[in-house]
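Protein chains: 2
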Amino acid sequence: MHIHYPAPGIEHEIPVRSGVAFNLRAGETLTVIDPLGCQVSDLLAFSAADTREYISSGRTLDYASRIFLTVPDPLYSNRSNILLRITADTVRRHDFLLTPCSKDTFRIIYGDEAPHRGCFGNFVEALAPYGIEEDAIPVAFNCFMNVVVDGQTGELRVDPPLSKAGDYISFVAETDLVVGLTACSALQSNGGSFKPIRYRVQQQEGAVERAE
Amino acid sequence: MHIHYPAPGIEHEIPVRSGVAFNLRAGETLTVIDPLGCQVSDLLAFSAADTREYISSGRTLDYASRIFLTVPDPLYSNRSNILLRITADTVRRHDFLLTPCSKDTFRIIYGDEAPHRGCFGNFVEALAPYGIEEDAIPVAFNCFMNVVVDGQTGELRVDPPLSKAGDYISFVAETDLVVGLTACSALQSNGGSFKPIRYRVQQQEGAVERAE
Numbered sequence: 001m002h003i004h005y006p007a008p009g010i011e012h013e014i015p016v017r018s019g020v021a022f023n024l025r026a027g028e029t030l031t032v033i034d035p036l037g038c039q040v041s042d043l044l045a046f047s048a049a050d051t052r053e054y055i056s057s058g059r060t061l062d063y064a065s066r067i068f069l070t071v072p073d074p075l076y077s078n079r080s081n082i083l084l085r086i087t088a089d090t091v092r093r094h095d096f097l098l099t100p101c102s103k104d105t106f107r108i109i110y111g112d113e114a115p116h117r118g119c120f121g122n123f124v125e126a127l128a129p130y131g132i133e134e135d136a137i138p139v140a141f142n143c144f145m146n147v148v149v150d151g152q153t154g155e156l157r158v159d160p161p162l163s164k165a166g167d168y169i170s171f172v173a174e175t176d177l178v179v180g181l182t183a184c185s186a187l188q189s190n191g192g193s194f195k196p197i198r199y200r201v202q203q204q205e206g207a208v209e210r211a212e
Numbered sequence: 001m002h003i004h005y006p007a008p009g010i011e012h013e014i015p016v017r018s019g020v021a022f023n024l025r026a027g028e029t030l031t032v033i034d035p036l037g038c039q040v041s042d043l044l045a046f047s048a049a050d051t052r053e054y055i056s057s058g059r060t061l062d063y064a065s066r067i068f069l070t071v072p073d074p075l076y077s078n079r080s081n082i083l084l085r086i087t088a089d090t091v092r093r094h095d096f097l098l099t100p101c102s103k104d105t106f107r108i109i110y111g112d113e114a115p116h117r118g119c120f121g122n123f124v125e126a127l128a129p130y131g132i133e134e135d136a137i138p139v140a141f142n143c144f145m146n147v148v149v150d151g152q153t154g155e156l157r158v159d160p161p162l163s164k165a166g167d168y169i170s171f172v173a174e175t176d177l178v179v180g181l182t183a184c185s186a187l188q189s190n191g192g193s194f195k196p197i198r199y200r201v202q203q204q205e206g207a208v209e210r211a212e
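If you read the sequences in order, they're chains L and H. Taking UniProt numbering, the leading residue of the first sequence gets 1, the next gets one more, and so forth. Taking UniProt numbering, the leading residue of the second sequence gets 1, the next gets one more, and so forth.
Among the hints, erroneous ones may be present.
Pairs involving identical chains hold if they fit within one copy or between any two copies, as the list cannot separate such chains.
Unchecked claim - Under the rule of at most 25 Å between Cα atoms (straight-line distance), these lysine to any residue pairs were calculated in the SDA-like manner:
(1) LYS164 <-> ALA49
(2) LYS103 <-> ALA136
(3) LYS103 <-> GLY191
(4) LYS164 <-> GLN152
Since the hints were derived computationally from the structure, they do not count as laboratory data. Keep in mind that this is a model prediction, so the values were computed, not measured.
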């Protein structure tokens, strides 16, 4: 099994329209930063002990009785274990309804003839070394993604993120994880331009808040 | 691989708090009937050719740009293929956000000390002969489930179904499928009492509508 722990305490950059995967230990805090503002980052998490266990939108939203999550909401797995817990959040609007953008997204929604592989394709490449197959990629927690839902008609609309330069969301890992993280590839999700994403891992819970 | 085609043209009953699985051929129409009214039925579908392909809430809602689905909406797979298409619907309010109820649902939301296995446990047993494992059970399309979402706060509430006795929803299969179907086990979803569900398979598209 592939293992990669990002160097702790420093900001790592995910270039525009790309993605990474890495390990996160139980107790470590992952902070996802929008360095320029108005950019989405799709996040996946799998139990490192058994990657058939993954974050579940359906379980998490059910237990939260809310579609918008923020501090101190947990992200539950398909086995109803807590994988991550939101510990800091300067934006308070994220999405947990929609799948990562993919060549199919760009073909079906945008009508692109030579579609980019999207966050989905970036996840496929980044997660392959961890033995996670394409079909095992679930609905992601989409940091900063601003999906507006009309409760009457059920219509949903993807608006530009509310995040400003330097805004962030932090999660503490409740168990050892494999994490996938992207700088989102869909124009509509990011207010019309592609931007990088940064992330930082802190080895001790609470270290992020103290450093701010 | 286990194969079971329900006898066509007749109504099969799923007893209270239980579930079934069966094969559905491309072109066949499945009608899910609420015989007494105010009862939910969770539906899953997997490609029979490769059960790693399954209905995806995230892809379907993204492509529909709507959380409430009805005629003629398709249900997309995690590979962005259409597995089912809604062809008739006398209720027009179903859910595709929440996972099947499970012992964890009853433990976390209801506080039950000896929780029922729920639709999730019923799916696990019914789908096992088809080689579909517990961890491969995704968010279900929850027929007649009435999840009300507040677009401002994001809060969601499970209200009693709008279905009356005899109401139904029909789907045509776009490819050969393994289908899982339950009579839902959660009191909150079903207006406070458990009731059976019925279903019928018609071998030719459009046959259901002509028979009504």
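Task: Intra- versus inter-copy proximity for ALA49 and LYS164 (alpha-carbon distance at most 25 Å) - done: neither (36 Å within a copy, 46 Å between copies)
- [ ] Measure nothing new, just compare the shortest in-copy and cross-copy C-alpha distances for LYS103 and GLY191 to 25 Å and report within, between, both or neither.
- [x] Answer is within: at 19 Å inside a copy they meet the 25 Å cutoff, but 41 Å across does not.
- [ ] State whether the alpha carbon distance between LYS103 and ALA136 is at most 25 Å within one copy, between copies, both, or neither.
- [x] both (17 Å within a copy, 23 Å between copies)
Task: Identical-chain pair category, LYS164 with GLN152, by Cα at 25 Å - done: Classified as between: cross-chain Cα gap 21 Å, same-chain 30 Å, threshold 25 Å.
Comparing the model with each earlier hint shows a violation of hint 1 alone; every other hint is respected.
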